[in-house]
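Trainee: Start from chain U and add chain B according to the hints.
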Amino acid sequence: MTDQLILPGRRVVRAGPVSASVPLRPVLVTVLALAGALGVAVLAVGHGEFPIPPATVWEVLTGGGTRIERHILLNLRLPRVVCALLVGVALAIAGALTQTFARNPLASPDVLGITAGASAGAVAAIVLGGVAGSLGVPLAALVGAGISATLVYLLAWRRGLDGFRLVLIGLGIGEILRGFISWVLIRAELVDATRANIWITGSLAGRDWSHAEPLALALLVLVPLALAATIALRVLAFGAETARGLGVRLQRAQLFVVVIAAALAAVAVAAAGPIEFVAFVVPQIALRLCGGSRPPLLASAMLGALLVVGADLVAQIVVAPKELPVGLLTAMIGTPYLLWLLLRRSRKVSG
Amino acid sequence: MTLTTDTPGRTVPKRLLGLLGLVLLAAFAVLLSFALGAQDLHPADVWRALVSPDGTDATAVVRELRAPRTVLGVIVGLALGVAGALIQGHTRNPIADPGLLGVSAGASFAVVLAIGVFSVEAFGGYIWFAFAGALIASVLVFGVGAGSRDGPTPVTLALAGMAVSALLSSFTSSMLVTSPETLNVFRFWIIGSLSGREIETAWQVAPFVAAGLLLAAVNAPALNALSLGEDVARGLGQSVVAARVAGVAAIMLLTGAATAACGPIGFVGLFVPHLARLLTGPDHRWLLPFSGLLGVTAVLLADVAGRLVARPAEIQTGIVLAVAGAPFFIWLVRRVRLVQL
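Protein chains in written order, with the numbering used here: chain U, 1 to 351; chain B, 1 to 341.
Simulated from the structure, these hints should not be mistaken for lab results.
Only some residues are given here: those of chain U computed to face chain B with a beta carbon under 7 Å:
no.: 1; residue: I169
no.: 2; residue: G172
no.: 3; residue: I176
no.: 4; residue: A331
We treat Cβ as the ideally placed atom computed from N, Cα and C, and that holds for glycine.
The following block holds chain U by itself, in its conformation from the complex (with noise of 0.2 Å):
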């Protein structure tokens, strides 16, 4: 075989005896957000009423700055702006993952009664329970999404687990628990369901490190996870038939696979409210700026961390000095940006 053997798209690196080729749109689309999340991370830390510029924060962060600063800058808007950054990249992540497995571009964690479950175990504890601590609420929230996972996957579990199964279970589960979450909304006191309303549309307001430090934790663990279950991805994306025939163990991959998205989805729903579409558009959007068959899982994660992060500073800019919950720009500045991409450079994508 000659050495000019090109793959469309990928660039042949060599250094000495090694040599590889590189995914190269791929490669640029995940540094390029990963640059553009840092570099928005550093305005939203340096925004609010005491501004302060992109050197003084880096400043501070190499463990400079005066009290007043580092008091500011650390105990008070860091933790904010770690969410941001950690709930797009868990979103985003889980959102592609889901998409892959269940091979249909509307699926989210919405469809593995993540979403859902989350809602409805905030929204009871905020309008039944009575729940006004900062850390009650995402513990409910984490209960109700554990709660309503574990029971889609019990009852899709049928001599294994299959993709279109359990999508429309989880559909099912949903719809039950947005019934109820509407029964109880129609129910309670104004000012309960405006508070509740509030956390169901997603906010980032008033997060400290009580909220980040679980969720880093996390995804410390999980994201390695996650890029690990990329290698059966990219197998069962061909249909579990031919896993199978590829040699796949088809039930633990899929189990593996579906868990780590569903606890993905969960962490980051509980830290900050179901952040809405974050899940659906990342992905899809990663899908037509990096080209390729599935959702690429790092370039989601960066684009991800991007739009999260964008938009909880968008979020504090527009209707300052008051601020609106971070859930609703995710959406205004996402979908824009899809549907652009669906308008500019529409692929023929596998549904």
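Mentor: Only chain B this time, still in chain U's reference frame:
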């Protein structure tokens, strides 16, 4: 043009028999809807009230309260059942529901505007807002789907629908988050219910539903051709774009009218087509009527159940459909292998 050969057990006489059975089932649901509620009536009393109205309470209950919601239930059930089968056929996606093309989100946003900006308070006043919102949103979705390089394929339509819906519902949420007064009215509309509507509402939306049903009937053979793949359909002499336009227009009219009349009652349009496909297979010429009749039965039974469980209070039709329909759907998904699209 016959594209599907009749498999054993799905012969034309058997399907006609099945259709007759569904008509009877829907008629039974209509009877229940007239007879049961806060006050139970004997079928004979219902008949008397309808044929020769006198001044009794029974007449008032039947003609003033139960007739409007029954008529609405029939119209909305028919519309959503048929629209659900159409959208799942056109997007070839089993999780597509009639609201996917932006109809529900468009209607919701228009109603929020009606409440928040124009201070409309009566459900009757929302009809034209909701209808206009639904139409604009679905035209937008189809425009994006058709404008993309591949044209209005299943995937581009579904993605454009999802994206436009997401965008519109974020506008809706932003109105709700900033104005508790709007939320206070809107949270009752969004559930979807047959109660509290006037009979005029039914007559206002009926022409649109009729037009939608007509378009759907015309679209059925073309949809059969499309489900073999666009290239095959083109080879069979089918104009793909014309078929998609007709289908989307039918979905828009049917779902828009139903949503305008009763608020977004979503789930029925998702699970009823699966049930119908189970009974009659994927041939849309049969699937659409089966789905419509099952839709009528499901909506009316859910409405009746909502009146009975919390007597004398009521539970909204949309909630009953979700809470009772979804477990049934889950049982169905587990029990039998659904016909894949």
